[in-house]
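Listed below, chain by chain, are the residues.
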Amino acid sequence: MTDKVNIALRVNGKSYAIAVEPRRSLADALREDCGLTGTHLGCEHGVCGACTVLVDGKPVRACLMFAVQVGETEVRTVEGLAKGEVLHPLQKQFWENHGLQCGFCTPGFLMLAAGALEADPDISDDELREVLSSNLCRCTGYQNIIKAVKLAAAEMRK
Amino acid sequence: MSAIGKSLKRLEDKPLLLGQGRFAADYQFDRQLIMRVVRSPVAFGRILSIDAEDARAMPGVVAIWTAADVADIPLIDFRMTRIKGLEPYRQPVLARDYVRYVGEPVALVFAEDVYQAEDAADLVFCDIDEGVVHLDATAPPVEFMPETLPGVLSEPAVITKAYGELDQAFAKASHVVELEVAVGRHTGVPMETRGALAVHDPNTGVLTMYGAAKVPHYNRDAIGRMLGLEKGAIELSEGHVGGGFGIRGELYPEDVLVCAAALRLGRPVKWIEDRREHLLAANHSRDQVHRLRAAVDDRGFVLGLEDEFFTDQGAYVRTHGGTVSDLAAALLPGPYLIPAYRVNGHIRLTNKTPSGTYRAPGRYESTFARERLMDVIAHRLGLDAVEVRRVNLIPEDRMPYDRKIDALGTEVVYDAGKYHDLLDKTLAHVGYDQLRAEAADRRSKGEHVGIGVALFIEKSGLGPRDLVRARLLKDGSIEIITGVASIGQGVETIVAQICAEVLSVEIEQICVVHGQTSRIEVGLGAFASRVTVMTGSAAQIASRALRDKILAAAATLLRKDSAEDLTLVDGMVRLRDSNTTLQLREIADQTPDIIEAEGWFHADHMNYPYGVHVAKVHVDDQTWGVKIERYVVGYEVGRAINPVLVHGQIAGAAVQGIGGALLEEFVYDESGQPLATSFADYLMPTSNETCQIEMFLREDCPSPQNPLGVRGAGEGGLTAVGAAIGAAVDDALQSPGLVDCLPIGPSKLHAMVHQYSRNRD
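For the record, the sequence lines run as chains E and H.
Throughout the first sequence, residue numbering follows the numbering used here, covering 1 to 158 in sequence.
Throughout the second sequence, residue numbering follows the numbering used here, covering 1001 to 1761 in sequence.
By construction, these hints were calculated from the structure, which means they are not laboratory data.
Computed from a predicted model, the values in this text were never measured in an experiment.
Keep in mind that a hint or two might mislead.
With a cut-off of at most 30 Å between alpha-carbon atoms, the simulated DSS-like pairs for lysine-lysine come out as follows [stated by the list, open to error]:
(1) 147(E) - 1627(H)
(2) 1474(H) - 1549(H)
(3) 150(E) - 1474(H)
(4) 147(E) - 1425(H)
So that you can see chain E by itself, here it is in the shape it has in the complex (with noise of 0.2 Å):
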């Protein structure tokens, strides 16, 4: 379990060539060994989601797949959601409707959201609540989290 393994991680189009234990967890491959804290530990049990990524498009806990078990897989974190100076939908709906307070839930939710609008653009609303409901807040109250998702999904289907 110590002995530690070569890997190259895809992450937000980019690959690194990393060195870690079988046991690490893809969440502290991608803090740790890529520099890529923008993804967060919340609990480290798979309950909160603050550290959603998208593996080949569809949100996983990093907390709870080992970074060995990737492979081949394209990984997204919250770093790759910009455009270089464009503000993905969802952020930019984010800052404009107080979607976020301490942020620390932020990227999380911004990820698992981006995976269920790009798997089905045409979600409706309770079904987008039942998404977001896999993720903790504790600031917002979710309320603004919802709107802004909710403007950035008719956004992103203009």
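Dock chain H against chain E, hints included.
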């Protein structure tokens, strides 16, 4: 240009949205060691020995410490509400002689990385002679540490407050109403766990702790004292902070230990708490039992109120001293006249996690107690619950209203208030009569739908002072430096809006520096809904002083004798009746000295925001789940600097209150083992358990106690949630007085309903 009152987008958001936040765990230093805390596996017992030999031999382990290694570090002292007699109950940084709760730090492992530190910590064996655990704060006190502190009992203090002629009130009363209510153990649970990274620079001799929160200046001084550091030898630095809610940023053992370790081991030391540790070790709160006795006349007017309550303070008295009990005792009478009052608040220690404050401390509990009492009075006397409240509310012409008791050492004087007005307006806003009629109609068709109303008084703007410095930088931007802290509530934006209003600049031109003890010598921090009131007022004063200096400097540049003909408009200085203008950048550039000013704001008294909560709930009589169909918060904020941010505070707080009312509870088994140690057991509201929180924000009654007229908004969204939901569930089930404890999860509500009907039979 007017910036105050506008819902501007927050200055702090962009880095957070891009994943560029700097939370405690995001800091890295070369050669850093990881600290892992070994915690007590049992709730109470004598420490016989700690065997760390196997752990010491593990790869990557650099050091292991037990109490003997930190014997020179004093107990953690109080920050607030120091009451005589609490001293023996303070917590040591590592358990000495006894362990008193599951999760108490007993040893430390320092290793090269997190995985190694956790591996080694698993091998540290604590041999503890278990004692009899004490878990009921209402039971008679027991000895705190029988062998080492004989005779010291588990009741450190009783907080007593009284005014008026209570005995006469009971003699005159037509009715005496008694009630016992309890609020369970829950707490803030911010999404970022606690964490700290201490770095000692051998060249400067300065120890810096990153990951500071809430009260950096106080913690700097406290850690400095505990470690014997000279002033200037320790600095605290706040990065991004993942939520506060009262509990984060208090001085905990781990904060002191990382600093001690960085000094003694000569390497940066980082500690990041995992979630299990957080639920075991960070302050819990609430956990009060109130026994109320009210003398009431025929109109439902409360002539006198007596309360005996018990706060389960957990294993030690931490930095808040008696704060929670003091506030509960002082604010229990709330917005009502209540001419005579006597309260005994027992601070009791048990073998649970130590307690501190959580958003609306003492008020969530005492509001639940008082408002449930109002509902029971109404029921007993056959009166309308809202009408009983109207009869008891303090009228506007009695303001300011001196309660003749103190809270946190200052007299409770309600600064101003239009309680009847807000109640009437809120009920009109929600369409109260129609709401009740609809609920009754649905009940007649077999549904369990009910409406609950609860009123509250908050307190905000705790002084005694605040300092803000403002400075014009060479590029024409403004730097504001404050000792306040950001816990995610929007400090930068609020302070910038106040400054922008005075200086007539865009908020993007203002940089607010906060939470850095190296940048400003005074700072009281962020708690008790004090930031906008105290720091905001100081920022306004500083900005005005800076404006005067900018105008004076501009007058010199324009060869004017006085600044009277000059104004600041749209980010530049303009000569009245002329097209002559000077950019701020030009003024800064052409003035030899830095133009800077400071503002102090002092306040001897808090102000008292107030509000009305209205809840509409549906109870499923198959699952006994409570669904909130509508929730409205009527709140007097005095003046909203940024309405959207006020809404955000209220909505977030209300949802935390819903968690406390329906879901969240730290439960212990009979041996003191905590049963809620993960998010699978400690349930918080998700987007599925909430509804739209409707805001009815009023600015009808600005506080006369600060130049902005503001009242804090951090807590009032939460204060009356338990009370309003309790009343709504009673109404839904047509069972007056049913809800006498929180939280009411489905199984508990089911049991309560059956008990209630048994009692009625």
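Each hint tested on the structure:
no.	hint	in the structure
1	147(E) - 1627(H)	21 Å, holds
2	1474(H) - 1549(H)	15 Å, holds
3	150(E) - 1474(H)	43 Å, violated
4	147(E) - 1425(H)	27 Å, holds
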